[in-house]
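Visitor: Chains as they are written, first to last, in our numbering: chain A, 1 to 414; chain B, 1001 to 1056.
Bear in mind the hints are in silico, worked out from the structure with no lab data behind them.
Among the hints, erroneous ones may be present.
[Stated by the list, open to error] Residues of chain A placed beyond 12 Å of chain B at every Cβ, according to the derived structure:
1) D51
2) F77
3) V313
4) V385
[Unchecked claim] If we take Cβ atoms under 7 Å as the criterion, some of the chain B residues that face chain A in the derived model are:
5) M1001
6) H1014
7) F1017
8) C1035
9) S1039
10) D1042
11) A1049
[Unchecked claim] Below 20 Å or equal to it, Euclidean Cα-Cα: the simulated DMTMM-like pairs (lysine to aspartate or glutamate) are:
12) K11/A / E405/A
13) K1047/B / E407/A
14) K1038/B / D161/A
15) K248/A / E407/A
16) K162/A / D1042/B
Computed from a predicted model, the values in this text were never measured in an experiment.
Ideal placement from N, C-alpha and C gives every residue a C-beta, glycine not left out.
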Amino acid sequence: MDSALIPKGVKRAPLWQFTLFIGIVGIVLLWGVYAMVLCWLKGLNQTNMNDAYGFALWIWADLAVIALGGGAFFSGFLKYIIGKDELKNIINYAVLIGFICYSSALLILAIDIGQPLRGWFIFWHANVHSMLTEVAFCLSCYFAVLTIEYIPLILENRQIDKVPFFHNLGHNMHHVMAVFAATGAFLSFFHQGSLGGVTGVLFGRPFGFREGVLIWPTTFFLFTWSAAAVGPCFTLLVTKITEKVTGKKLVKDNVVELLAKISGWMLATYIIAKIIDTWYWAAVTAPESGFSMMDFYTNNPVYGIWILVLEIVIGGVVPALILITDAGRKNKTALITATVLAVIGICVNRWVMVLQVLAVPVLPFESWFMYFPSWQEIATTILPVAYGIILIGLSHRYLPIFPQERELNPIEES
Amino acid sequence: MFPFSFEWIWDMSHMVFHGGLWYALTIIGLGMTFCIIKSVVDTMQGKGAHHDEEHH
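Please construct the entire structure, taking both the sequences and the accompanying hints into account.
Guide: Pasting the structure below:
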């Protein structure tokens, strides 16, 4: 029924099967939308945020999806600026994943500010002394860049492409894409960094506070570095999941291995820098504030030293070692394991830098502040996942996302 | 915020923050304007009217 919309030369699941899949995920999406509407109509009392937790589950999800969406800017940087042309076979998917991640981040912020109708205040009444203002500026502009990068893909739909103006528009946008990609890389560098900087400059929060260069704490650079390292890992992971779900090979191994290799070396260098940063913080920065390192990992029901091991060793050192070795990249199980661990590592990093920072007592008479999100927070955090699955499903079905798909999965004409 | 807004102050913070914002928006705006105008011109010249949908 929808065969006229499906790209030529590729096979797709029957429409009923696709509709059923979208319908099931759509129920989850509606659950999230219901919680979102509750937050907008009734206010932030629908959450478990309080005086101790002004940042809660949403902001963790926000930082996590922004880091995971880093594959778009870094792949674009590698292809258009560095000239790694092989990545043209995966860049569309990186852009789509980036678009989903950044639109999700903006959606989360729209819920988080409580009054989305006042969202424009941050542009018009900007507090130019806040790193979050820079984040808001760069995030919005970069989302515009990602939209511009996604539009040519939509215009390549078989039916849309038949309209001469849209065909020409898609063609012309491809021609100037390097300019947009360079702008995107510039914007990403600053907003990824500033998200890290937000925690790093909190001198009243010794768990997060870091020293650095001029106005930039080390977390500024570590956040950008980690997003550039793990973003491509997430792109590879979602690609592998898509291949599993569709039962087809969509990207050639040499492309996957190239991106995995670059990601692996980025991750390896990042994790060395992170270990040095953590050691300096534990040995110098925290003691200067009157804390020992173990003060941050004891006397509470959740945060033990295990979380540091999970973040740095299991989610950092192990995947980096797998990805920088040729044998690790060529072994499918090891490659997927590495990408999963790297994604877990970055999510744990964002968790501790957002939530553990707030949990740690900073005054002698305080005890640990524990927090559990309300169902509305959980539902609105799952909402972007459902939205992402639906958009990936629709894009994969109707747009030529994977340039190598036809070659890798030839259809025998009957 | 623009320099003619009452909140504007001519200091480094305002210039850097808003300079960066306008710089990015200008590139995005000019880039898209160029693409749209060129596409209109191309379409009027008949380009892309009978292209093979197999080749982009």
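Visitor: Which earlier hints can't be squared with this structure?
Guide: Going through the list in order, the structure violates hint 13 alone and respects the others.
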